[in-house]
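Trainee: Put together the whole structure using the sequences plus the hints.
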Amino acid sequence: MDPHLEATDWRANDVSWNEALERGWSLRELEREYILAVLEHTGGHRSRAARILGIDRRTLYRKLREFESVTAVT
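Residues 251 to 324 in this note's numbering are what the sequence shown lists, from first letter to last.
Please keep in mind that the hints were generated in silico from the structure rather than gathered at the bench. A virtual CB, placed ideally from N, CA and C, is assigned to each residue, including glycine. Keep in mind that a hint or two might mislead.
As the list claims (entries may be wrong) - Just the calculated beta-carbon pair ranges, DEER-fashion:
1) E272 / S297: 18 to 28 Å
2) E272 / R308: 31 to 41 Å
3) S297 / G274: 14 to 24 Å
4) W275 / L314: 15 to 25 Å
5) S319 / W275: 18 to 28 Å
6) N268 / R308: 28 to 38 Å
Stated by the list, open to error - The calculated lysine to aspartate or glutamate pairs, modelled on EDC-like cross-linking and capped at a C-alpha distance of 20 Å, are:
7) K313 / E281
8) K313 / E290
9) K313 / E279
10) K313 / E283
Mentor: Structure follows, in structure tokens:
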């Protein structure tokens, strides 16, 4: 199965896109939730998650560090 198709079969933390819009989530928040959901889907396997997301593994690591720094500030 194509890993990109596999990722579309479920919703990030059971939040539908309509619910995300109603909550007023930014693109950054949607990206964060989707990345974290893909990581959960892969059991934390970052290389596999990066493949599903269509990004380089280093990009995934960088985004995760950014998410951590934002969480630490808020």
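Trainee: Now look at each hint and say whether the structure bears it out.
Mentor: Right, here's what the structure says about each hint:
1. E272 / S297: 18 to 28 Å: violated (34 Å)
2. E272 / R308: 31 to 41 Å: holds (34 Å)
3. S297 / G274: 14 to 24 Å: With a Cβ separation near 33 Å, S297 and G274 fall outside 14 to 24 Å, so the hint is violated.
4. W275 / L314: 15 to 25 Å: Since W275 and L314 have Cβ atoms about 18 Å apart, the given range 15 to 25 Å holds.
5. S319 / W275: 18 to 28 Å: holds (19 Å)
6. N268 / R308: 28 to 38 Å: For N268 and R308 the Cβ distance comes to about 33 Å; the hint holds.
7. K313 / E281: holds (10 Å)
8. K313 / E290: holds (16 Å)
9. K313 / E279: Distance ~12 Å between K313 and E279 Cα, so the pair holds.
10. K313 / E283: holds (12 Å)
In this structure, the hints that do not hold are numbers 1, 3, in rising order.
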